[in-house]
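S.K.: Residue numbers (the numbering used here), protein chains in the order written: chain E, 1 to 449; chain U, 450 to 898.
If you are wondering where the hints come from, they were derived from the structure by calculation, not from laboratory data.
Computed from a predicted structure; not experimentally measured.
Hints may be right or wrong, so weigh each one.
[To be verified] Using 16 Å as the maximum straight-line C-alpha spacing, the simulated EDC-like pairs for lysine to aspartate or glutamate come out as follows:
no. : chain 1 : residue 1 : chain 2 : residue 2
1   : U       : K743      : U       : D475
2   : E       : K176      : U       : E477
3   : U       : K625      : E       : D170
4   : U       : K494      : U       : D475
5   : E       : K294      : E       : E382
6   : U       : K500      : U       : D871
7   : U       : K790      : U       : D765
8   : U       : K625      : E       : E323
9   : E       : K286      : E       : D26
10  : E       : K51       : E       : E418
11  : E       : K176      : U       : D475
12  : U       : K735      : U       : E713
Protein chains: 2
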Amino acid sequence: MSRRTLKLGAVLLGVGGPGQHNTWLDPEIPANASVDVNWYIARAKEAEAAKFDLVFIVDSQFITRNSPNHYLSRLEPLTLLSAIAVHTGNIGLVGTLTTSYNEPFNVARRLYSLDHISGGRAGWNVVTSGDAGTAGNYSRDEHFDYPTRYGRALEHVQVVRGLWDSYEADAFPRDKESGVFLDPEKQHALNHRGEYFSVVGPLNLERSPQGQPVIFQAGDSEEGRDLGASVGEVIFTHAANLAQAKAFRAELRERAAAKGRDPEGLLTLPGIQLVIADTDEEARSKEDARLGTKSFDRALKELGRPFGWHDFTRYDLDAPFPEIGDAGERSFRTQANSIKKLARDNGFTLRQVVQHLIDAARSPFVGSPETVADTIQHWFSEGGFDGINVTVNAPSEFALFTDRVLPILRERGVVRSEYESDTLRGNLGLPVPANRHTDARHPAPALAP
Amino acid sequence: MSRRTLKLGAVLLGVGGPGQHNTWLDPEIPANASVDVNWYIARAKEAEAAKFDLVFIVDSQFITRNSPNHYLSRLEPLTLLSAIAVHTGNIGLVGTLTTSYNEPFNVARRLYSLDHISGGRAGWNVVTSGDAGTAGNYSRDEHFDYPTRYGRALEHVQVVRGLWDSYEADAFPRDKESGVFLDPEKQHALNHRGEYFSVVGPLNLERSPQGQPVIFQAGDSEEGRDLGASVGEVIFTHAANLAQAKAFRAELRERAAAKGRDPEGLLTLPGIQLVIADTDEEARSKEDARLGTKSFDRALKELGRPFGWHDFTRYDLDAPFPEIGDAGERSFRTQANSIKKLARDNGFTLRQVVQHLIDAARSPFVGSPETVADTIQHWFSEGGFDGINVTVNAPSEFALFTDRVLPILRERGVVRSEYESDTLRGNLGLPVPANRHTDARHPAPALAP
Ligand SMILES: Cc1cc2nc3c(=O)[nH]c(=O)nc-3n(C[C@H](O)[C@H](O)[C@H](O)COP(=O)(O)O)c2cc1C
Ligand SMILES: Cc1cc2nc3c(=O)[nH]c(=O)nc-3n(C[C@H](O)[C@H](O)[C@H](O)COP(=O)(O)O)c2cc1C
Numbered sequence: 001m002s003r004r005t006l007k008l009g010a011v012l013l014g015v016g017g018p019g020q021h022n023t024w025l026d027p028e029i030p031a032n033a034s035v036d037v038n039w040y041i042a043r044a045k046e047a048e049a050a051k052f053d054l055v056f057i058v059d060s061q062f063i064t065r066n067s068p069n070h071y072l073s074r075l076e077p078l079t080l081l082s083a084i085a086v087h088t089g090n091i092g093l094v095g096t097l098t099t100s101y102n103e104p105f106n107v108a109r110r111l112y113s114l115d116h117i118s119g120g121r122a123g124w125n126v127v128t129s130g131d132a133g134t135a136g137n138y139s140r141d142e143h144f145d146y147p148t149r150y151g152r153a154l155e156h157v158q159v160v161r162g163l164w165d166s167y168e169a170d171a172f173p174r175d176k177e178s179g180v181f182l183d184p185e186k187q188h189a190l191n192h193r194g195e196y197f198s199v200v201g202p203l204n205l206e207r208s209p210q211g212q213p214v215i216f217q218a219g220d221s222e223e224g225r226d227l228g229a230s231v232g233e234v235i236f237t238h239a240a241n242l243a244q245a246k247a248f249r250a251e252l253r254e255r256a257a258a259k260g261r262d263p264e265g266l267l268t269l270p271g272i273q274l275v276i277a278d279t280d281e282e283a284r285s286k287e288d289a290r291l292g293t294k295s296f297d298r299a300l301k302e303l304g305r306p307f308g309w310h311d312f313t314r315y316d317l318d319a320p321f322p323e324i325g326d327a328g329e330r331s332f333r334t335q336a337n338s339i340k341k342l343a344r345d346n347g348f349t350l351r352q353v354v355q356h357l358i359d360a361a362r363s364p365f366v367g368s369p370e371t372v373a374d375t376i377q378h379w380f381s382e383g384g385f386d387g388i389n390v391t392v393n394a395p396s397e398f399a400l401f402t403d404r405v406l407p408i409l410r411e412r413g414v415v416r417s418e419y420e421s422d423t424l425r426g427n428l429g430l431p432v433p434a435n436r437h438t439d440a441r442h443p444a445p446a447l448a449p
Numbered sequence: 450m451s452r453r454t455l456k457l458g459a460v461l462l463g464v465g466g467p468g469q470h471n472t473w474l475d476p477e478i479p480a481n482a483s484v485d486v487n488w489y490i491a492r493a494k495e496a497e498a499a500k501f502d503l504v505f506i507v508d509s510q511f512i513t514r515n516s517p518n519h520y521l522s523r524l525e526p527l528t529l530l531s532a533i534a535v536h537t538g539n540i541g542l543v544g545t546l547t548t549s550y551n552e553p554f555n556v557a558r559r560l561y562s563l564d565h566i567s568g569g570r571a572g573w574n575v576v577t578s579g580d581a582g583t584a585g586n587y588s589r590d591e592h593f594d595y596p597t598r599y600g601r602a603l604e605h606v607q608v609v610r611g612l613w614d615s616y617e618a619d620a621f622p623r624d625k626e627s628g629v630f631l632d633p634e635k636q637h638a639l640n641h642r643g644e645y646f647s648v649v650g651p652l653n654l655e656r657s658p659q660g661q662p663v664i665f666q667a668g669d670s671e672e673g674r675d676l677g678a679s680v681g682e683v684i685f686t687h688a689a690n691l692a693q694a695k696a697f698r699a700e701l702r703e704r705a706a707a708k709g710r711d712p713e714g715l716l717t718l719p720g721i722q723l724v725i726a727d728t729d730e731e732a733r734s735k736e737d738a739r740l741g742t743k744s745f746d747r748a749l750k751e752l753g754r755p756f757g758w759h760d761f762t763r764y765d766l767d768a769p770f771p772e773i774g775d776a777g778e779r780s781f782r783t784q785a786n787s788i789k790k791l792a793r794d795n796g797f798t799l800r801q802v803v804q805h806l807i808d809a810a811r812s813p814f815v816g817s818p819e820t821v822a823d824t825i826q827h828w829f830s831e832g833g834f835d836g837i838n839v840t841v842n843a844p845s846e847f848a849l850f851t852d853r854v855l856p857i858l859r860e861r862g863v864v865r866s867e868y869e870s871d872t873l874r875g876n877l878g879l880p881v882p883a884n885r886h887t888d889a890r891h892p893a894p895a896l897a898p
């Protein structure tokens with residue numbers, strides 16, 4: 001096994017960082033990039049040329065007029081990734097699909113099709129849908145409560161993984177001489193009957209190059225961390241500072257170990273915002289300018305999102321942060337609670353909360369190429385993360401990372417110079433889960449239940 | 450408007466015709482073609498070179514060990530079509546998605562994403578899932594009964610079309626000068642509350658090149674024909690002989706007219722099996738040889754499919770066709786009933802029924818290139834169909850049609866020589882439905898409700 005190296009993900013058209021609802025104003029980014037397949041293919045090729053492990057596509061299924069601009073109109077992640085798959089050859093393709101509003105049979109099939117089409121490069125970012133309003137688009141009056149949402153998520157992933165084991169690797173002799181297409185002993189029904197799903201199987205798709213596409217997971221609550229520790233292989237998260245990043249990674253590894261898993265089979269990749277310029281000073285001014293494009297009014301509106309798009313514009317900005325009951329209870333609860341706590345602990349007004357959130361959007365990864373390389377290497381060696389998910393918007397900004405930061409990290413042996421495998425799982429150095437049905441004959445470590 | 454010409458569809462790896470469960474034995478077809486994206490892309494390019502209007506991907510979500518071989522393991526249609534989209538430029542891309550086990554919001558979004566990715570070439574084959582066993586893969590004890598199945602289908606399509614109208618064509622000024630991304634007056638929620646679905650909307654994807662991807666429909670029962678007449682723009686069907694084909698087309702056009710639709714907005718494209726050789730005699734021997742590969746045992750097993758995979762091997766072959774109660778009632782009921790009627794009317798034994806079905810699999814489109822061209826032209830001019838959906842398996846067989854039959858039909862003006870439009874809708878000569886929200890300002894003919 002080769003020396004542990006930093007994993008690299010590219011979040012294409014990531015929205016969420018400061019001023020990123022305004023990325024469409026960037027002269028380098030076509031205003032309609034979020035619906036332009038060629039824009040995505042071009043970025044994926046650049047990431048592949050830089051030997052990135054994966055591209056990552058986030059998602060949501062609910063919008064309001066105040067949603068970040070690129071969210072108002074964007075391509076469905078798996079449809080997009082299939083198009084990218086046939087114009088790339090090595091880079092991993094990770095798509096977000098919610099367990100709350102998709103059937104496990106359909107999810108299993110679509111991701112497995114992508115794994116076949118891409119020759120083993122598919123990954124699934126398992127989410128439960130943070131926007132409570134999503135329920136209204138799926139014939140439900142209300143979003144699931146947290147225990148149900150995450151209970152369904154765990155069972156959903158288990159069903160999907162079970163369906164992926166429907167066929168043993170050698171189930172299809174397809175011997176034209178003897179006329180034998182299938183070895184029926186190697187086709188396995190699932191016969192799952194659980195609390196939330198009943199799925200007989202088998203899947204109508206043979207074992208794929210990865211066998212099991214890689215499970216990514218994003219969710220921050222107690223329930224979310226438990227799900228990640230149970231079935232996640234890569235955790236997508238945020239990281240405000242090194243101490244927090246270390247604590248998060250250590251906690252997830254401990255939780256996984258407590259479930260009988262090898263913690264090396266769980267990688268933490270926070271999404272990070274890079275701001276790179278020739279000098280540290282220039283980089284800081286660049287970030288100031290970028291933060292400056294985020295107007296207070298816009299931030300006030302977006303504050304509503306974790307609270308189920310609660311309308312904060314109707315309150316007095318200089319009165320104490322409003323009592324809004326349990327708004328957000330079925331939305332991004334963890335984020336909503338931490339904002340409430342921030343207001344309470346500091347006695348903040350609404351204006352102070354919004355201003356605090358704008359200021360807190362500063363990235364720890366700002367500076368010259370040397371500085372950024374140093375910071376990344378430091379966090380990595382201190383156990384802050386196993387890799388980074390870099391937000392990719394303007395190509396020239398991404399090139400500052402690939403052309404000026406990566407060579408430094410390669411020189412230092414932090415990042416590998418070539419793809420090591422044909423599959424995403426292989427490049428990430430993750431163990432290959434055995435097929436549960438082949439297991440008995442060829443024992444191999446299974447993932448935790 | 451140009452003269453009416455014959456429309457051309459290519460059903461890639463179509464299974465269903467005589468002996469086609471054995472297509473994998475063909476030396477020209479890779480044994481794993483059904484999971485090989487490159488095989489599909491190559492066939493789609495050939496069809497595009499021959500100026501076909503569309504490729505067509507059938508589907509099912511339930512298999513047994515007796516399912517046709519290529520069904521045991523195949524790629525999910527939309528994932529596959531997205532990969533084909535970015536390696537072709539003109540040909541339409543029609544995928545089968547069931548209304549019984551997919552959420553309308555997800556269907557709307559995936560097809561609309563394909564329409565954006567392909568520049569306006571997406572079509573949806575609306576089915577309700579014929580295999581009753583599909584229910585078991587979607588947490589249901591039983592498949593929906595016919596009225597529910599088709600009631601859901603109609604409402605599902607209406608919701609999807611409503612979501613496709615979420616944004617008016619000019620809803621996104623995306624003016625970098627003024628900073629205006631969206632014109633909120635042109636974003637419309639759906640607020641649908643129906644018998645089967647409640648969907649608030651709007652869709653998170655702007656108006657696509659076609660505005661409304663083309664609706665294909667396949668289903669033969671009273672309920673199925675009613676659905677086709679209500680929302681179908683192209684009907685995929687079978688055609689055993691000219692009289693039956695004419696009657697079917699005439700009936701569908703009448704039904705559509707009775708619903709206030711222009712019957713010219715509804716095209717009938719039966720799936721046909723071509724058997725072409727230098728002479729009529731050689732073609733007939735070729736068909737004999739092909740039918741010969743269909744063993745009686747295999748046909749006996751496959752007889753079970755319309756009856757919900759009822760096991761017919763347990764009956765005496767030479768006793769009268771067994772009384773099997775309502776097996777098939779929630780499966781392919783129309784087909785099951787017509788087989789029961791055949792047995793009853795003729796007093797057939799089980800053996801005679803199976804033998805009859807094997808014999809009935811003969812195609813009307815067998816002969817030399819001249820003969821096949823004559824037959825197609827005759828059926829077309831007699832009003833038997835508006836186009837044909839040709840099953841594409843071995844490339845050399847397909848080439849006999851494109852290289853030897855098509856030139857004759859072109860010479861006679863039956864088939865056009867060039868694409869006439871950038872979109873599938875345009876090539877099929879179908880009217881462009883107006884956006885319901887723009888309608889008031891710019892009146893235009895709407896589709897029937
Ligand atoms: C880093 C990160 C990325 C996320 N990405 C998505 C996403 O793309 N789509 C989505 O629906 N939810 C996403 N989520 C939301 C989670 O699925 C979850 O619903 C939300 O975080 C609320 O749950 P929690 O309280 O467990 O965090 C993300 C969450 C985190 C922490
Ligand atoms: C020509 C034709 C093609 C069909 N293709 C499919 C298909 O690809 N997938 C599917 O699930 N059902 C398919 N169906 C089945 C229909 O969706 C329907 O469920 C089935 O025919 C039983 O309904 P009916 O009695 O209305 O025909 C097809 C039916 C016909 C007539």
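S.K.: Identify every previously stated hint that the structure contradicts and give their numbers, smallest first.
M.R.: 3, 4, 5, 7, 8, 12
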